[in-house]
Each structure stands twice: as structure tokens, then as C-alpha cells.
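Trainee: Here's the letter readout for the chains.
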Amino acid sequence: MAPRHDASALPCNIRSVMSSTARPSSARAGRCVHGAAIAGLSLLLAPAAAALAQWIDYPTPGVPRNADGTPKLSAPAPRANGRVDLTGIWTAAEVLDEPCVGREIGPAGNAGSAPAAPTAPIAVGPATNDQTCIRQQSLPADQVNIGRTLKDGLPYQPWAADLVKARLAKQAIDDPHAHCLPPNYPRAYVLPQFFKIVQTSGLTVLLHEFNASYRQIFTDGRPLPKQMNPTWNGYSTGHWEGDTLVVETAGFRDDLWLDFSGSPLTEAARVTERFKRPSFGTLEIEVTVNDSKAYTRPWTVTLEQKLVVDTDLLDEICLENEQDTRLTDTK
Amino acid sequence: MKRTLVAAIAVAIALLAGRGALAHHSGAAFDHERTVTVKGMVARVDWQSPHARLHVDAKDEHGNAVQWDIELPSPNTLMRRGWSRDSLKPGDPVSVSAHPARDYPNIAVAINVLDASGKQLYAGSAASP
Numbered sequence: 002m003a004p005r006h007d008a009s010a011l012p013c014n015i016r017s018v019m020s021s022t023a024r025p026s027s028a029r030a031g032r033c034v035h036g037a038a039i040a041g042l043s044l045l046l047a048p049a050a051a052a053l054a055q056w057i058d059y060p061t062p063g064v065p066r067n068a069d070g071t072p073k074l075s076a077p078a079p080r081a082n083g084r085v086d087l088t089g090i091w092t093a094a095e096v097l098d099e100p101c102v103g104r105e106i107g108p109a110g111n112a113g114s115a116p117a118a119p120t121a122p123i124a125v126g127p128a129t130n131d132q133t134c135i136r137q138q139s140l141p142a143d144q145v146n147i148g149r150t151l152k153d154g155l156p157y158q159p160w161a162a163d164l165v166k167a168r169l170a171k172q173a174i175d176d177p178h179a180h181c182l183p184p185n186y187p188r189a190y191v192l193p194q195f196f197k198i199v200q201t202s203g204l205t206v207l208l209h210e211f212n213a214s215y216r217q218i219f220t221d222g223r224p225l226p227k228q229m230n231p232t233w234n235g236y237s238t239g240h241w242e243g244d245t246l247v248v249e250t251a252g253f254r255d256d257l258w259l260d261f262s263g264s265p266l267t268e269a270a271r272v273t274e275r276f277k278r279p280s281f282g283t284l285e286i287e288v289t290v291n292d293s294k295a296y297t298r299p300w301t302v303t304l305e306q307k308l309v310v311d312t313d314l315l316d317e318i319c320l321e322n323e324q325d326t327r328l329t330d331t332k
Numbered sequence: 040m041k042r043t044l045v046a047a048i049a050v051a052i053a054l055l056a057g058r059g060a061l062a063h064h065s066g067a068a069f070d071h072e073r074t075v076t077v078k079g080m081v082a083r084v085d086w087q088s089p090h091a092r093l094h095v096d097a098k099d100e101h102g103n104a105v106q107w108d109i110e111l112p113s114p115n116t117l118m119r120r121g122w123s124r125d126s127l128k129p130g131d132p133v134s135v136s137a138h139p140a141r142d143y144p145n146i147a148v149a150i151n152v153l154d155a156s157g158k159q160l161y162a163g164s165a166a167s168p
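First to last, the protein sequences are chains B and A. Per our numbering, residue 2 is the first one in the first sequence, and the count goes up by one each step. Per our numbering, residue 40 is the first one in the second sequence, and the count goes up by one each step.
Simulated from the structure, these hints should not be mistaken for laboratory data.
Chain A stretches covered by chain B per the calculated footprint, using a threshold of three residues with CB under 8 Å from any CB of chain B:
no., stretch
1, 66-76
2, 82-89
3, 141-151
Note that beta-carbon positions come from the ideal geometry of N, C-alpha and C, so glycine has one too.
Can you build the whole structure from these sequences, using the hints too?
Mentor: Right under this line is the structure:
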């Protein structure tokens with residue numbers, strides 16, 4: 002008996018913006034069902050209110066659209082309170098070069114009166130990131146080492162370099178992430194789960210799918226606390242410089258990991274993030290880590306994010322059924 | 040000395056990342072150098088975070104019944120790729136290639152999942168989170 006998984010049922014609008022996360026792996030991956038077609042079918046079977054009831058493909062309000070209904074990601078960034086608005090769901094723009102299980106093949110024909118939405122790939126990310134490739138997985142390119150784009154890598158202190166080497170040798174068995182601990186920043190930007198920025202005038206909140214966690218960036222002018230009990234997120238205060246949100250964070254725990262290699266972040270760290278939204282669909286996060294305990298000098302990487310629309314966050318509670326640490330507990 | 044260490048780290052990352060042993064958060068648990076193929080029938084699917092788990096009734100090399108516990112991506116990742124919690128139901132025939140757990144029998148992390156007709160339901164590398 003064939004399973005009920007049907008690649009053709011994947012909504013067009015979710016596929017048009019989620020370059021590979023939503024891609025089904027079957028050979029029929031080119032087909033998709035337009036939202037209106039789903040709605041039409043639902044009307045036959047249920048009250049109209051049931052149409053488009055799934056949040057996994059619920060249309061995001063306020064997204065500029067092309068004539069065919071696809072999101073216009075190159076449109077100007079939205080504005081609120083006289084500033085650029087960073088609000089949106091984001092995920093890493095550059096992903097690992099996973100094998101392609103299919104290729105985008107253009108508009109799908111569907112029974113239904115609405116025109117089919119072409120599956121336009123997201124026009125962001127470096128040229129090497131083939132947007133027509135339907136990948137098996139969407140894994141951020143910087144997830145293994147957050148300093149991947151630095152010419153000489155991260156400038157580790159000798160003890161930190163030894164530590165990373167030891168962690169790699171043990172295949173990151175002690176990774177806090179593998180033990181369901183929080184998605185600390187800036188590592189959270191290079192985990193595969195989505196995060197949502199909610200910008201208000203005095204506070205910007207980052208909601209991360211992993212463990213349904215939050216992080217607050219205060220923009221009400223408050224200084225960093227004098228006494229900071231070390232935490233996973235640290236304490237963040239931000240201000241605007243034109244259309245750039247500049248955030249300072251300190252008060253980190255002493256044992257944080259920045260990536261799957263175990264690059265450390267210590268209690269001495271002061272992290273500066275500069276957020277820019279050059280277009281509707283792109284977020285640039287320039288991260289500077291000033292942590293003299295672990296690194297010989299401050300270092301800066303830009304972690305580009307792409308917008309995710311017509312879907313929403315899905316909680317992923319790691320401790321719900323975590324089964325892998327039992328396989329390594331004896332080591 | 041420092042350059043050698045930096046180079047050594049780069050090589051280690053490339054090797055482990057290439058095998059996906061690091062990107063998979065339980066790279067330490069599974070042997071990414073070995074692949075097993077499990078053919079059988081779905082016993083049940085645990086549709087929970089952080090990984091959906093596919094339990095397959097199969098036979099070992101002696102013909103004895105065994106049940107495999109095979110790790111898939113998170114339900115969220117699967118749903119965004121068209122799966123639902125009912126995509127695989129008890130009794131469905133499947134063929135799974137997977138990396139086995141290093142120290143425990145009949146536990147593995149899926150590389151791909153094929154249905155009875157050989158259609159690929161899932162093709163996740165070992166680098167899947």
C-alpha cells in the first residue's frame with residue numbers, strides 16, 4: 002500500500018519562497034497546488050471558514066506581490082515608525098551544497114479557476130547557491146564553523162584552538178545544542194530552524210523555533226545592566242543609526258558554542274550586531290565578536306538571511322523525544 | 040605552530056562536515072562510514088521533535104524478526120517538504136538506507152526512504168539536523 006505522502010499536494014506559495022526547505026524529495030516535486038485550488042476543494046467539503054486553515058501555508062499579510070501572486074522580494078524594505086522594519090521570518094540565505102533531488106520546472110497546471118503560481122526561486126544569496134536546485138536539506142553554510150567566510154578562519158587563542166580541535170575529534174559529542182539547550186545568539190542565525198523578528202518601537206523580539214525560545218533587544222535607551230547574571234542570550238540593547246539597528250550584547254555564560262565545531266563564546270564577550278534590510282526579502286546581520294578570552298582579536302562576519310513568507314514558525318521542542326544522547330552517554 | 044593548528048582545524052571540519060557527522064547533531068552516535076539497508080514494514084512513526092522516528096519491522100541476516108528504530112528529520116522539516124504524520128502508516132512497505140548507531144544494534148539515522156515502488160520519499164544526507 003503506497004503511503005499517503007503526495008509531493009503534488011505541496012502548496013505553490015510555500016515553495017515559491019522557501020528555496021529548498023519545503024521541497025519534497027519525490028520526482029514529482031515540480032507540481033504544486035495553488036492556494037485558491039485548495040480553497041475551492043475545501044468549499045465542496047466544509048464551510049468556507051475551513052479554507053486555507055493551515056498555518057504552514059497561510060498567506061503572510063503585507064507582502065508585496067507580483068502580478069502572478071508570487072512575493073516581490075526585491076521590493077523596498079517595509080518601514081514602521083519612520084525606520085526600516087525588520088519584522089519577518091528569516092533563515093540563512095546561503096545553504097550547504099546538498100545534492101539536488103530535483104529541479105524547479107516552472108508553473109504547475111492545476112484544476113481550479115485560479116492561475117497557477119510559478120515557483121520563482123528567491124533571488125538572494127551568492128551566485129553559487131543554485132536556487133533552481135531542490136535540495137534534500139536546507140542547512141546553513143555557516144553552521145559548522147561560523148568563521149567560514151574569514152580568510153584565515155577564526156582567530157582562536159591557543160587554548161581555544163586546542164579545544165575546537167578536541168571537540169571536532171569527538172564529533173561535537175558535548176554540543177549543548179545536541180543536548181537540547183537554548184539556541185544562543187549569534188549561533189541561532191546559523192541553525193536551520195527559522196526565527197521571527199518582531200519589531201516594536203521600544204523592543205525588538207526574536208522568536209526562534211528551536212525550543213520556542215525568545216530573545217529581547219531593548220531599544221528604549223536603557224544601558225546594559227551593571228551586574229549581569231550570565232545567561233544564554235546575554236543582555237541586549239540597541240539603537241538606530243539611520244536604517245541600521247546596532248545592538249550591543251554582553252553578559253554571556255562562559256561556555257557557549259558558536260557553531261557545530263564548538264567555537265567558544267565566553268563571559269568576556271561583547272557582541273555587536275548591525276542589522277540592515279536592503280530589500281524586502283533580505284536581511285544582513287553583521288556580527289562582531291569581541292572576546293579576548295577566546296580570540297586574539299575581534300572578528301566580524303556577515304550572516305545573510307532570506308525572508309520566509311506564507312508560512313509560520315513551528316515549535317520544535319527538543320526534549321519532547323530526544324533519543325540520541327542515550328547512544329553516547331557511556332562515552 | 041598556529042598556522043598548523045588552524046590548518047588542522049580546517050581539515051577536520053572539512054572531513055567531518057563532508058561526512059555530515061558534525062552537522063547532524065548526533066554525529067557522535069552514528070557511524071557515517073557505514074550504510075545499512077533496512078527493508079520491511081512500517082511498525083509505527085513517532086511524530087515528535089527533535090526527530091521523527093520510523094520503526095520498521097524487518098528481518099536480520101538469520102531471518103529473525105527485528106524492529107529498527109530509524110531517525111528522520113524533525114516533523115517540521117518533513118512537513119515543509121510535504122509529509123504529514125500519516126505519510127507512512129503501519130503496514131506500509133519501506134526500504135531505508137541509513138547510518139547505523141555505533142554502539143547499539145537496530146538503531147540508525149536515515150539517508151533515504153523508499154516506498155514499495157522505489158519512489159524516494161525522503162533523501163536526507165547525514166548532514167540533516
